[in-house]
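If you're matching positions, the sequence shown starts at 0 in numbering that gives the first Met the number 0 and goes up one per residue.
Quick caveat, the hints were computed from the structure, so don't treat them as lab data. Watch out, some of these pointers could steer you wrong.
As the list claims (entries may be wrong) - Lysine to aspartate or glutamate pairs mimicking EDC-like chemistry, simulated, CA-CA at most 20 Å apart:
#1 57 to 69
#2 57 to 91
#3 162 to 174
#4 98 to 69
#5 4 to 17
#6 98 to 122
#7 164 to 124
#8 170 to 124
#9 171 to 122
#10 98 to 67
#11 98 to 51
#12 57 to 67
#13 171 to 139
#14 171 to 140
#15 98 to 124
#16 164 to 121
#17 56 to 83
#18 171 to 161
#19 171 to 128
#20 98 to 64
#21 170 to 121
#22 170 to 151
#23 171 to 157
#24 57 to 85
#25 26 to 51
Predicted model only: the values in this text are computed from it and were never measured.
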Amino acid sequence: MRGYKALTQGLVAVAAGDAGAAGRNAKRANQLLNDPPLTMLLSAQVAQIEGDEAAAKKYFAAMLEQPEMEFLGLRGLLMQATREGDSTAALDYARRAYKLRPQTPWVLTTLFDLQVRAGQWDEAEGTLDEAIRRRAISADEGRRDRVVTLYERSVIAEAAGDKAKALQLAKKAHEQAPDF
Numbered sequence: 000m001r002g003y004k005a006l007t008q009g010l011v012a013v014a015a016g017d018a019g020a021a022g023r024n025a026k027r028a029n030q031l032l033n034d035p036p037l038t039m040l041l042s043a044q045v046a047q048i049e050g051d052e053a054a055a056k057k058y059f060a061a062m063l064e065q066p067e068m069e070f071l072g073l074r075g076l077l078m079q080a081t082r083e084g085d086s087t088a089a090l091d092y093a094r095r096a097y098k099l100r101p102q103t104p105w106v107l108t109t110l111f112d113l114q115v116r117a118g119q120w121d122e123a124e125g126t127l128d129e130a131i132r133r134r135a136i137s138a139d140e141g142r143r144d145r146v147v148t149l150y151e152r153s154v155i156a157e158a159a160g161d162k163a164k165a166l167q168l169a170k171k172a173h174e175q176a177p178d179f
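Turn these sequences into a full structure, and let the hints guide you.
If you want it as structure tokens, here you go:
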């Protein structure tokens, strides 16, 4: 019981931004519970609020080895990669998170955004379809995003010399948003 109390107090301290209390409670929870998957998230969050990104990354990576913690580990690593500007790693983590939980709204929107930033327009359009279908984004927002993906795909087709495909995609974009 004391271990769960320490875990709870540690999570409350993390939410409050109290690194000292969070760290003390994380250590106590680790000792009392002797259940690493249960305390890994707390330890990772303590490392983050203490500014120790390397330690946080270590905890998040360790979560990947625990099936019940893998999704949380991926989210933590994805957030870190995004903060560090490592879009390649972030996209990899987002794809892995999507494989685990394709219905999760933040996974769909994050994956779409990262695919757009990487210029992966075909993949982004597929993710957009899924996000709209699962209502992770509104139909109006999805329509606007679709127009952008169609336009960008037309630009790529034109640059590749496929003028017929470029025109087809541009017309499709124009039909959906004549004022674009």
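Q) Straight-line Cα separation of residue 98 and residue 67 no greater than 20 Å? A) Given pair residue 98, residue 67 holds - Cα atoms ~14 Å apart, limit 20 Å.
Q) Taking only the CA atoms, is the gap from residue 57 to residue 85 under or equal to 20 Å? A) Measuring from Cα to Cα gives roughly 17 Å; hence the hint holds.
Q. Regarding the pair residue 171 and residue 122, is the alpha-carbon distance no greater than 20 Å?
A. holds (18 Å)
Q: Could you grab the alpha-carbon distance between residue 171 and residue 140 and see if it respects the 20 Å cut-off?
A: Cα-Cα ~17 Å, so holds.
Q.
Please verify whether residue 98 and residue 69 have alpha carbons no more than 20 Å apart.
A. Between residue 98 and residue 69 the Cα gap is close to 11 Å, so the pair holds against 20 Å.
Q. Residue 98 and residue 51: Cα distance at most 20 Å?
A. violated (29 Å)
Q.
Check whether the Cα positions of residue 164 and residue 124 lie no farther apart than 20 Å.
A. holds (16 Å)
Q) Within a Cα-Cα threshold of 20 Å, do residue 164 and residue 121 meet the stated pairing? A) Holds. Residue 164 to residue 121 sits at ~13 Å (cutoff 20 Å).
**Q.** Restraint status (C-alpha distance of residue 162 to residue 174 at most 20 Å)
**A.** holds (18 Å)
(Q) Need the status of pair residue 98, residue 64: alpha-carbon distance at most 20 Å? (A) Status holds; Cα separation ~16 Å.
Q: Decide if the proposed pair is consistent with the structure: residue 57 and residue 91, CA atoms, cutoff 20 Å inclusive.
A: OK: residue 57 and residue 91 at ~17 Å, within 20 Å.
Q: Would you mind confirming whether the straight-line C-alpha gap from residue 170 to residue 124 stays at or under 20 Å?
A: Holds, at about 16 Å.
Taken one by one, the earlier hints fail for this structure only at number 11.
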